[in-house]
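K.L.:
Residues per chain are reported as follows:
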Amino acid sequence: MSTTETTASGVGPVEGAPVYTVDNPAPLIEAPRKRTKKTPRSTRGNFELAAWLFMRLSGIVLVVLVIGHLLIQLVLDGGVSKIGFAFVAGRWASPFWQVWDLLMLWLAMLHGANGLRTVINDYAERPNTRLWLKGLLYTATVFTILLGTLVIFTFDPNIR
Amino acid sequence: MATPVLDKADAAGRPEPGFADSPYITVTFRVRRFNPEVSAEATWEDFQLEIDPKERVLDGLHKIKWDVDGTLTFRRSCAHGICGSDAMRINGKNRLACKTLIKDINPEKPITIEPIKGLTVLKDLVVDMEPFFQAYRDVMPFLVTKDTNEPTRERLQSPEDRERFDDTTKCILCAACTSSCPVFWNDGQYFGPAAIVNAHRFIFDSRDEAGEQRLEILNDRDGVWRCRTTFNCTDACPRGIEVTKAIQEVKRALITRRY
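As given, the protein sequences belong to chains A and L, one line each in that order.
Position 81 (the first sequence) corresponds to 81 in UniProt numbering; numbering is contiguous.
Position 239 (the second sequence) corresponds to 239 in UniProt numbering; numbering is contiguous.
Same shape as in the complex, but just chain L (with noise of 0.2 Å):
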């Protein structure tokens, strides 16, 4: 009884390449090779790949990596847009892999992957992210009360007050922010738009006491005032966040504190 359907499911759903219906097409992956223990300089490699245009661009450099070429590094792993993992240029963009479809960028044309900007490579699309993270933990992304007990009930908050920050809850600190940033770019000192985002959600939370001290650390010369609102953190956020608000109401928060 254990028969094998799955041959048959298989050619079914899937026709061969090259048949006139198959949604298969040839699509040329253009990603930015670098391995420190070969060679200094980073290079471009094509991939010539068959692959149906719904896939998304993570499903084609799984192809790669699985068929074609093991050595090829990046970063992935819950694959569904909720991890972070994946941030990479994709076509001069920054964008989850996992969250774009091969149509949608112009499969005509090779797609060009590239490692995030503003981060050390460390090997093929794998980044340093230690910078990013340090930004992180520099605004203090936790819950901060003055009292020391433990609580006795739920620390309770209205709605329209859990509205007031519910945008920068979403982040999934990816860095596809921070390093579409022509600022973060230069020196990576500027704290980056992900870290102020995170500060944000805090800042502007009900339960939360530590407001003033974040607000003070994001008023340093690296911090909020460095931001030249070009949007282009808000273009890259595959979370939708508008993270430019986000940094601009930071800035009125700190005006308004002063005068």
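Okay, chain A solo, but in the shape it has when bound (with noise of 0.2 Å):
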């Protein structure tokens, strides 16, 4: 096919001067996911697995102790008015409640933190923001299971 002259690269004349050119080549565009120093490490280990399975078998434990809980506390046996400093002392002189709270405690303290944890992982866009809000989140978390613990272990009905 013999028509018109064209150039080599087989594009017809454009108008006006090109944009580009080789002194003036166009703008590189960076490839978002290009590995560069602030990319997040790949991670090895299971933490994301381990977190991800405690959420679901923490969740399981929880049905039952917080429905317990609330039965107990607010339902049966007169519900909420029944509520005072000696309901609490008598429950907790059995072991078998110290340790329903505790773990209760526990592992709502930790599911709630797992949560929040995933959610600023997902919303939180700079690196700064993140760290200062699972600062807050992680001090909150230990503060509280701490403070849980040390009440439900060191209780004394006698206090005065």
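Source of the hints: derived by calculation from the structure; they are not laboratory data.
None of these values were measured; they are calculated from a predicted model.
Residues on chain L that point at chain A, a partial pick, calculated with CB under 8 Å: (1) VAL183; (2) ASN186; (3) TRP225.
Here are some chain A residues pointing at chain L (derived, C-beta under 7 Å): (4) GLU48; (5) LEU49; (6) TRP52; (7) ASP122.
A few chain A positions that, by computed beta-carbon distances, are all more than 10 Å from chain L: (8) ILE67; (9) ALA86; (10) ALA113; (11) LEU150.
Positions of the beta carbon are idealized from the N, C-alpha and C atoms, including for glycine.
Hints are included, so try docking the two chains, each in its own frame, into the full complex.
P.N.:
Printed below as a string of structure tokens:
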């Protein structure tokens, strides 16, 4: 086909001068998923797996613990009006309820903290925001767990 | 003898717009336009089209590009739902423009057409697919075997073994699933449903021997554990792949491998 003369590349003449030339190359678009120094290291180990599994298992146990807790505290045997210092003291005299409440405290706090951790990972965009939010979260979690555990183990019914 | 029959056929098959028996209706296409050489802002632009509602959204986009505004930019290659080029957000849902009939998406209201979310928009409906394909490459989407010699006979597989990963072989890499995933929208570091689907295709292939390696890759912080089971990917998949189920199967494989 010998119609008209075209340039070697097969591209016909275009209007005006080409925008990009060898001396003025088109801007290079950096690959967004390219590995840079800022890219989080790929993680070895099974922390995320364990966290995921923990959420499911603790969730199942918490259903039993929390519903049981709510029934005893608010529904059965006179409902909420029976709750007082004496009632709590009476329950914590038994190791069974101590273990129940301790388990509930630890599982609920870790379950909630892990849930919030994933929420922060999903929604906080800047690494600094993530760092601070997670720092706050972990501090609150550790504080609550330690304080709760201390109270359960050192509870003295004869306090005045 | 070269009779111009085209006119007749045209007149018979396509009544003039506006006539009572005309199949044509007026549809508004509300397209998200972005041209970095003109403005840093993306804007909505409305196009009024006379179109048969049995045609596809892609036909409407063609009409705009060919007859109204040639600067409208979008990707499409085969135009028949196989190449996966024209995934876009139509009326807020990720679909292939070439598989969506106009009559199925309420043509009485303006039809909104946006680029898929979570990837950098280059122009109009064209996005940078590189992060998507990087995640795809990361899961090694090819057969890996331990013996380095050229095989002397076919790698046989029972129909049951083939059935195991049949669903995930249907992927056309259109990115409709990955760009519908809210976790991917956030920072784009999550592998995304499409990469996991294509890892699944080889992890559960009885002929492949790098399943362990692929599971290890997906055990990463940005791997399968970031999936929140929102099922957006399954809803978005134009091939009907049960994407969330595939992701869950990879999770199960990871757990049963450990415990």
